[in-house]
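*Asks:* Chain residues, written in single-letter form:
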Amino acid sequence: MSTENQVAVEAETALREQGSRRMAGSTQAFLKLHAPFDKMAPEALQLFAEKAQLSFYPEGARIVTPESGPVRFFYLIESGKVQARQAGEVAVTEYSVLTLSPGESFPIGAVTAGRPSTNLYLALEDTFCYQLPAEDFLTLMATSREFNLFCTRYIASLLNQSRQQLQQQFAQRASEQQTLNSPLSGIGSRSPVTVSPDIPVRQALETMSAAGVGSLVIAGEDRKPVGVFTRSDLLDRVVLADLPQSAPISQAMSPAPFMLEEQATAYDAMLAMATHGIRHVLVTDAEGRLSGVVSERDLFALQRVGLRQIRQAIESAPDVESLRQSASDVRQLAFNMLAQGVGAGQLTQFISALNDALTKRILQLNLERHHFDGIEWAWLAFGSEGRDEQTFSTDQDNGIVFAVPEGQAADAIKERFLAFALEVNKDLDRCGFPLCKGNIMASNPQWCLTLEQWKEQFTQWIRMPQPEALLNASIFFDFRCLYGKAELAESMRRHLLAQTAANGLFLQAMARNALDVEPPLGKLRDFLTDLEPGHPGKIDLKKYGIRIFVDVARIYALAAGVHNTNSVQRLRIAAQRLSIREEEINAILEGLDFIQLLRLRHQYLEGEPGRQGDNLINPDDLNELDRRILKESFRQARKIQSRLKLDYQVH
Amino acid sequence: MVGGLKRLLGRGAAKGPAGLDAGVRATVEAWRASPAPSLDDAHFLTRYVLVDVATAGQGGDAVLAGIVGLGVRAGAILPGDAFACDFAGAESDPVAVDRNLAAFLTYADKAPLVTFHSPFVAGHLHKVYSERLGVDFQPRWIDLAWLLPSLFPEKAAKPVALDDWLEMLGIVGSAGGRRDTMTNALVLGRLFQMLLVRANDKDVTTAQQLVEESQAATRLRRTI
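Protein chains in written order, with my numbering: chain A, 1 to 651; chain B, 1 to 224.
Hints are computed from structural coordinates only; laboratory data are not their basis. A few of these clues could be false.
[Stated by the list, open to error] Derived pair list, reagent style SDA-like, types lysine to any residue, alpha-carbon separation capped at 20 Å: (1) B:K155 / A:E125; (2) A:K81 / B:S34; (3) A:K39 / A:S55; (4) A:K426 / A:Q499; (5) A:K455 / A:H563; (6) A:K81 / B:E167; (7) B:K202 / A:P58; (8) A:K426 / A:L505; (9) B:K110 / A:L482; (10) A:K81 / B:K127; (11) A:K455 / A:N503; (12) A:K414 / A:Q325; (13) A:K224 / A:T275; (14) A:K645 / A:L505; (15) B:K127 / B:P149; (16) A:K224 / A:S182; (17) A:K485 / A:R331; (18) B:K110 / A:T194; (19) B:K155 / A:P58; (20) A:K81 / B:L166; (21) A:K81 / B:W141; (22) A:K39 / A:T194; (23) A:K32 / B:T183; (24) B:K202 / A:A256.
[What the hints assert, rightly or not] Here chain B is said to cover these stretches of chain A; the calculated rule only asks that three of the stretch's residues, wherever they fall, bring their Cβ under 8 Å from a Cβ of chain B: (25) 44 to 53; (26) 132 to 143.
Positions of the beta carbon are idealized from the N, C-alpha and C atoms, including for glycine.
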């Protein structure tokens with residue numbers, strides 16, 4: 001090309017660019033009037049303005065339909081009105097019709113996921129829209145923090161809607177019951193009988209008698225509770241303790257009562273009662289002043305299958321047969337809670353708390369025939385039970401740690417524990433906790449060890465992170481003391497954290513192992529459903545979903561010295577210590593919660609009686625919104641894996 | 001500024017093709033040799049170019065001060081297909097002015113041109129192209145001023161001012177006051193987008209029909 005021609009071409013290019021810039025200027029002026037664009041950086045607005053075309057849709061035009069295939073544009077209304085309408089027969093969001101106005105955009109979920117919209121978008125009047133091509137939308141998401149946050153929050157609100165919808169499904173199946181989400185400010189006694197700590201016992205008893213109540217709250221002049229006094233205290237702490245009736249009530253009360261703030265829910269109170277084995281929870285205002293008392297009886301009024309009944313039945317069960325019934329009640333109660341809107345994280349913790357009580361009772365019953373006086377020992381829970389993440393069907397993973405008293409032979413003690421454990425394992429199996437296929441049970445001599453042996457075992461796995469060691473680490477490092485001497489477990493934990501914190505290679509090996517399984521997201525299709533041999537068309541939500549989050553949580557917890565075993569707690573605390581942004585960790589936890597909720601629903605609704613519910617779901621059976629959110633949840637799994645990959649330099 | 005522009009782009013500025021810069025001449029020749037796109041395709045498949053001009057000076061003395069173009073394809077205004085040139089400030093470089101005029105020919109690429117009140121815009125362009133580049137610039141014009149009453153008779157039966165159309169068709173935020181050339185082209189673009197939808201509804205489905213309808217409306221209404 002001659003120099004003159006070259007100059008001519010350059011002149012045309014320059015004038016085209018000048019034209020584009022001026023048109024973009026007009027678009028930017030509009031963007032600056034609307035959120036989230038008003039907070040976005042000039043470069044991000046420039047990108048939007050240079051790529052977004054302006055289109056017109058006359059009144060009645062169908063802008064986006066579910067039938068028109070994967071969405072190609074992100075639409076921002078410049079003028080006019082657009083109606084979002086649910087397509088199909090089943091409502092998948094809380095709204096069935098929604099009107100969008102200038103400055104509002106759609107369909108964020110679909111364009112993010114690169115899939116068809118679940119809604120029909122219809123121009124209610126003559127409408128102009130800026131249309132940003134999908135690939136430029138994704139670039140903007142990747143480069144603008146504000147825009148990313150805006151879209152993430154929108155998708156999070158979809159997650160919330162889907163959760164509500166799941167709850168509705170359950171609510172329809174469950175009997176009419178008051179919600180466990182009610183705040184404590186509306187439950188129980190609002191004017192509990194209160195006395196000051198220095199009044200004599202006799203006067204306190206007279207007050208109880210006059211008011212016709214079985215318990216008293218002891219509070220100072222500032223109305224801050226310092227103790228409770230119940231009829232059982234009268235027997236144990238007054239009569240049997242020979243305490244004179246002139247003594248101050250503070251000497252007879254149970255000090256440091258359990259308290260919750262008014263905003264806490266009935267569920268929280270229920271969990272506290274199940275966890276701490278208490279019958280009353282004091283309710284306080286934000287300043288810690290007494291405002292009410294909630295008893296098991298109050299909560300029982302909310303529950304058909306009541307916590308109190310189940311707990312009482314468990315604690316007083318004379319034999320394993322009775323416990324079998326209680327195990328089925330736990331399941332029914334958990335189902336009711338699911339129906340009443342308790343989130344997956346809380347629910348799994350709750351199931352764990354009641355299962356703990358059940359296991360403890362089985363241990364107690366067996367301890368009537370096995371005696372370990374003078375020996376310090378503890379029953380350990382591993383895996384999901386160790387993490388407080390049990391679902392409706394969880395097999396047992398347990399072990400024993402013990403300390404050998406001086407002058408005694410370890411082997412002989414071990415034999416006694418093994419015999420005891422075998423009976424416990426069998427009883428647990430009868431109560432609906434199937435025997436572990438991998439034989440991770442206290443009755444296996446490998447997992448019934450002295451404190452030193454456990455520590456040595458941990459050290460070996462950490463020093464030589466072979467595949468089997470890593471697999472074991474993923475089960476055994478999530479341990480929790482369920483019964484017995486908790487200090488033994490704590491000693492194991494301190495040892496573990498000291499070892500892992502000092503061993504980067506081990507954590508890197510764990511990271512590599514955790515990255516072996518990827519979320520089942522397809523390049524062409526939404527989901528990969530042929531990963532499980534023998535189960536075509538299905539996704540294993542545990543293997544390809546929950547486990548990814550759990551594995552990553554474990555690694556970060558070990559790296560950051562987090563003592564907790566629960567994955568949500570691990571991620572939250574580790575995120576704080578490792579300065580991971582809160583919104584990022586929230587989106588990840590939402591993803592985990594959603595997959596767990598789908599899993600619980602599947603186990604309950606589709607599990608056959610007497611058969612262990614599996615974790616396999618067919619994504620085609622989900623409604624559009626659930627599919628979309630499941631995909632987004634898997635994306636969160638991928639995101640957290642990418643972070644792990646970067647942090648541990650795994651390529 | 002107007003004086004300088006007038007010397008450059010006003011009456012008597014002609015110098016004919018022989019005196020053109022070699023690059024400008026080559027561009028003009030390439031443009032002449034290029035085939036005009038078919039006008040028989042559906043609107044959706046046709047590239048239209050919205051044009052607006054800026055002028056300096058008053059009445060008959062007004063001279064061209066700038067050209068803005070906006071491509072419309074598949075009914076959408078595309079930011080990547082825009083054009084803007086200013087002649088103000090270029091008075092001292094006549095070759096640059098010629099180059100910009102030639103660049104617009106390449107950009108427009110013989111597409112049908114859309115404007116509001118084409119005699120004004122066409123008049124300015126024709127004069128400048130004829131006098132500076134020796135080009136008899138006769139694009140296929142689509143005149144919104146005449147076509148809008150023809151396709152939206154329920155709104156106005158005869159040509160009315162642009163601001164009246166903006167108000168009647170509910171194009172918000174742009175009506176009233178002075179607009180720069182790009183803003184004006186963008187509101188014309190919105191009018192044209194609405195017009196294309198209406199044209200389809202009335203079975204005016206190709207660019208050719210639209211050009212003919214525009215010419216017919218112009219002739220018909222002028223003879224009334």
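*Asks:* Indicate, hint by hint, whether the structure satisfies it.
*Replies:* Here is what the structure says about each hint:
Annotation: proposed proximity of K155 (chain B) to E125 (chain A) holds, straight-line Cα distance about 17 Å (limit 20 Å). Taken as a hint, the K81 (chain A) and S34 (chain B) pair is broken in the structure, with Cα atoms around 43 Å apart against an allowance of 20 Å. Of the pairs offered as hints, the one joining K39 (chain A) and S55 (chain A) is violated, with about 25 Å between alpha carbons and a cut-off of 20 Å exceeded. Note on K426 (chain A) and Q499 (chain A): the hinted pairing is violated, with a Cα-Cα distance of about 35 Å set against a maximum of 20 Å.
In summary, the hint linking K455 (chain A) to H563 (chain A) is supported, as the alpha carbons are separated by about 16 Å, within the 20 Å threshold. Our distance criterion of 20 Å between C-alpha atoms is met by K81 (chain A) and E167 (chain B), whose separation comes to about 17 Å. Between K202 (chain B) and P58 (chain A), the direct Cα distance comes to roughly 14 Å. Compliance with the 20 Å bound is thereby established for this hinted pair. Restraint check for K426 (chain A) and L505 (chain A): the C-alpha separation of about 39 Å exceeds 20 Å, so the hint is violated.
Restraint check: the Cα-Cα separation between K110 (chain B) and L482 (chain A) comes to about 83 Å, which exceeds 20 Å; the hinted pair is violated. Taken as a hint, the K81 (chain A) and K127 (chain B) pair is broken in the structure, with Cα atoms around 44 Å apart against an allowance of 20 Å. Distance hint between K455 (chain A) and N503 (chain A) is fulfilled; the C-alpha atoms sit about 15 Å from each other, no more than 20 Å. The hinted pair formed by K414 (chain A) and Q325 (chain A) fails the criterion: a straight-line CA distance of about 32 Å is larger than 20 Å.
Distance check on the hinted pair: K224 (chain A) and T275 (chain A) sit about 23 Å apart at the alpha-carbon level, beyond 20 Å; violated. For the proposed pair K645 (chain A) and L505 (chain A), the alpha carbon gap of about 14 Å is at most 20 Å, so the pair holds. A hinted pair counts as satisfied when its Cα atoms are at most 20 Å apart, and K127 (chain B) with P149 (chain B) does not qualify at roughly 28 Å. For the suggested pair K224 (chain A) and S182 (chain A), the alpha carbons sit about 24 Å apart, so the restraint of at most 20 Å is broken.
Taking the CA atoms of K485 (chain A) and R331 (chain A), the gap is about 29 Å. The hint is violated against a cut of 20 Å. Restraint check for K110 (chain B) and T194 (chain A): the C-alpha separation of about 92 Å exceeds 20 Å, so the hint is violated. Pair hint K155 (chain B) plus P58 (chain A) holds up; C-alpha atoms about 16 Å apart against a cutoff of 20 Å. In summary, the hint linking K81 (chain A) to L166 (chain B) is supported, as the alpha carbons are separated by about 18 Å, within the 20 Å threshold.
Restraint check for K81 (chain A) and W141 (chain B): the C-alpha separation of about 33 Å exceeds 20 Å, so the hint is violated. Restraint check for K39 (chain A) and T194 (chain A): not satisfied, since their Cα atoms lie roughly 54 Å apart, outside the 20 Å limit. Between the alpha carbons of K32 (chain A) and T183 (chain B) the distance comes to roughly 17 Å, so the proposed pair stays at or under 20 Å and holds. In summary, the hint linking K202 (chain B) to A256 (chain A) is not supported, as the alpha carbons are separated by about 83 Å, beyond the 20 Å threshold.
Counting residues of the stretch 44 to 53 of chain A whose CB falls under 8 Å from any CB of chain B gives 5; the rule of at least 3 is met. For the stretch 132 to 143 of chain A, the proposed coverage by chain B is not satisfied: 0 residues have a C-beta within less than 8 Å of a C-beta in that chain, short of the threshold of three.
Going down the numbered hints, you'll see the structure goes against 2, 3, 4, 8, 9, 10, 12, 13, 15, 16, 17, 18, 21, 22, 24 and 26, while the others check out.
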